[in-house]
Amino acid sequence: MNGWHGRILRVDLTNSKISMEDVDPKIARDYLGGRGWAIRYLTDEVDPMVEPLDPENKLIFATGPLTATSAPTGNRYMVVTKSPLTGALAHSNSGGDFPTWMKRTGFDLFIFEGKAEKPVYLWVNEDEVEIRSAEHLWGQDVPSTTDALLAETSAKAKVACIGPAGENLVLMAAIMNDKDRAAARSGVGAVMGSKNLKGVVAYGRKNPVFAEEKKMRELSIKIAKEVGADMLAGSSLREYGTAYVPQVTNSLGILPTRNWQEGTFEGVDTIDGPTLTEKYLIKPKPCYRCPIACGRLTEVPDGPYAGKGEGPEYETISSFGSGCGVDNLAAVTKANYWCNELGLDTISTGMTIAVAMEMVEKGYLSEEKIGQPLRFGDPDAMIDMVQKMAYREGFGDELAEGSYRFADKYGHPELAVTTRKQEFPGYDPRGSQGMGLLYATSNKGASHMEGDVAYEEVFGVPVKEDPHSTDGKAELVARFQNAFTLIDASGLCVFLAVRYVFSADRMIWPVRLSQLMEYTTGIAYTPAEVLEAADRVYTLERMFLLKAGSTEDTLPPRMLNEPLPDGPAKGQVNRLDDMLPEFYAERGWDENGWPTEEKLKELGL
Amino acid sequence: MKISVKLIATYRELLPPGTQGNKIEIDVPKGTKISDVMMQFNVPQDDSSVIVVNGLTVPLSTVLVEGDEVAAFSAIAGG
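Note that the protein sequences, when read in sequence, are chains A and B. Sequential numbering from 38 applies to the first sequence in the working numbering. Sequential numbering from 678 applies to the second sequence in the working numbering.
Any given hint might turn out to be false.
[What the hints assert, rightly or not] Which bits of chain A does chain B cover? Going by a derived footprint, with three or more residues having C-beta under 8 Å, they are:
hint, region
1, 93 to 102
2, 277 to 286
3, 528 to 536
4, 596 to 609
Hint data in this document are derived by calculation from the structure and do not stem from the laboratory. C-beta atoms are modelled at their ideal positions from N, C-alpha and C, and glycine is treated no differently.
Assemble the whole structure, with the sequences as input and the hints as a guide.
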């Protein structure tokens with residue numbers, strides 16, 4: 038095969054057995070790679086009703102055909118499994134260096150099954166693959182584990198691992214790679230922990246072979262030059278990382294504030310990108326071969342929140358900052374460092390703490406019961422709780438179950454702002470109608486990465502849409518879901534993809550992306566064909582979660598019944614019912630949201 | 678009449694030197710349109726910018742009223 042290696046590494050942890058197998062070329066073509074291949078294998082091999090933390094669940098690491106290629110940002114991988122947080126599908130995406138190193142081992146996918154008797158790690162050096170003991174690393178944080186694994190294998194290798202949160206089966210545990218990058222969402226780290234798999238180390242020199250090397254190189258250079266010119270002209274992403282976004286969402290009144298009770302935050306000026314750049318930025322830190330460099334290498338030099346690491350990004354600022362009512366950027370940054378070191382998703386962790394803070398504020402829960410103060414705006418209490426959650430220590434054990442289970446247990450599920458029990462990212466759907474439809478219907482529970490229509494409703498990319506209107510949002514959400522599925526399957530990063538490899542109009546037609554796929558794989562993909570393949574992948578994912586019993590597409594009551602009290606979206610709720618029937622029709626699903634027989638047949642499912 | 682102009686992220690550089698933060702209050706004559714103010718600050722008025730008034734998407738030909746806040750930023754993916 039070209040582009041793909043066409044090989045899978047299968048690791049049976051129960052029996053310490055390693056096998057290698059080839060991928061059927063038809064599956065390769067029809068499911069594109071990455072997220073697409075992974076859902077096909079998950080569907081074929083895992084009962085959707087499996088308990089996510091049982092050995093029968095499988096954990097799949099997946100690279101795409103453009104991972105480890107010259108295509109700018111072609112350096113992403115996906116972690117796909119059944120989620121313990123949502124009970125539905127998990128597909129979490131990460132960059133850094135690890136994805137390219139993983140692909141260079143000569144395998145596109147690693148499939149982990151069963152459960153090791155004792156903690157282990159996997160060392161993949163091309164075809165030399167070893168399952169090694171990790172008993173001496175159990176309990177260690179992410180930086181220590183990463184350093185130790187590199188010392189035991191090769192300094193040239195790269196590591197993905199879990200921290201204490203994953204070991205302790207915290208439902209929002211992440212899988213961290215290269216220390217500070219995260220396949221963060223949906224508790225994929227807990228699945229890894231349930232298998233007693235502490236880490237994966239990858240090294241190899243098997244670069245994928247391209248069908249049309251010269252054309253691939255020329256188009257990659259052309260795209261890289263366009264990105265480079267934009268960066269030189271001044272890019273907010275390069276200058277501030279995604280930390281520039283709080284000012285944008287605050288201006289639109291959709292910045293989650295004090296657990297979504299408000300949409301604007303009075304402390305926004307102290308937690309935004311310019312403040313981060315001025316006070317704590319050491320330098321932008323790109324993923325491997327990325328011309329954008331949105332990552333932030335930062336240091337809080339002194340004081341109670343001193344530390345050094347990566348972040349924070351927008352989502353972290355909106356959860357630990359405005360979400361918890363904390364206007365102290367050093368504290369938000371410190372909470373981010375802890376999440377990286379202990380292996381936690383910053384969105385779900387911060388937003389779960391925010392729910393507990395509202396429970397205290399409303400008098401539903403006493404601080405005596407919690408065992409510590411936990412008020413909105415208290416940075417020390419927030420940071421303390423992050424650590425307790427990772428170790429399931431004291432009341433942290435309750436919050437480690439995620440906001441929905443926690444709030445439900447104490448009689449107030451309405452305070453959990455989740456869909457499919459996963460916490461919302463930082464765009465309030467009352468002032469961003471399409472985002473509400475996206476969260477409600479997402480295959481992985483609330484996630485912007487599932488088809489981020491905030492690109493149009495908030496950021497004006499590629500065109501600006503009125504965020505308060507529901508008109509045309511059904512079509513827009515369906516189109517973005519397929520586009521993001523395609524990007525995730527290919528191995529590119531969404532920050533590059535939507536702007537530079539799709540048409541710059543409302544159709545977001547994957548003109549250059551299909552070319553990159555063609556030059557890489559040698560398959561004469563057209564834009565329509567790659568979008569159809571993305572539709573096939575998305576629909577198969579949908580079938581998986583429906584069969585898992587996750588059939589309700591809705592939003593939490595706060596979004597549907599409690600109007601925003603402030604800001605430009607004041608008085609609004611999300612009008613999901615106005616969009617949902619049209620959306621189902623757009624996707625070829627029946628009135629209950631099940632893909633029709635005709636649709637399944639059309640996609641060959 | 679007084680209005681305020683908030684220029685976010687890289688557009689901050691378009692504010693007059695010495696401006697504190699990302700916002701400035703200015704006096705404009707009655708009848709001033711959004712496009713007039715954006716021209717004054719050299720904000721591109723094409724698809725490369727997102728421009729809102731009081732957080733709302735409105736035509737650039739809209740006439741401003743006392744107390745309006747015009748915000749603008751470069752159209753780029755984020756989040």
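**Item:** Hints the structure fails to honour
**Value:** 1
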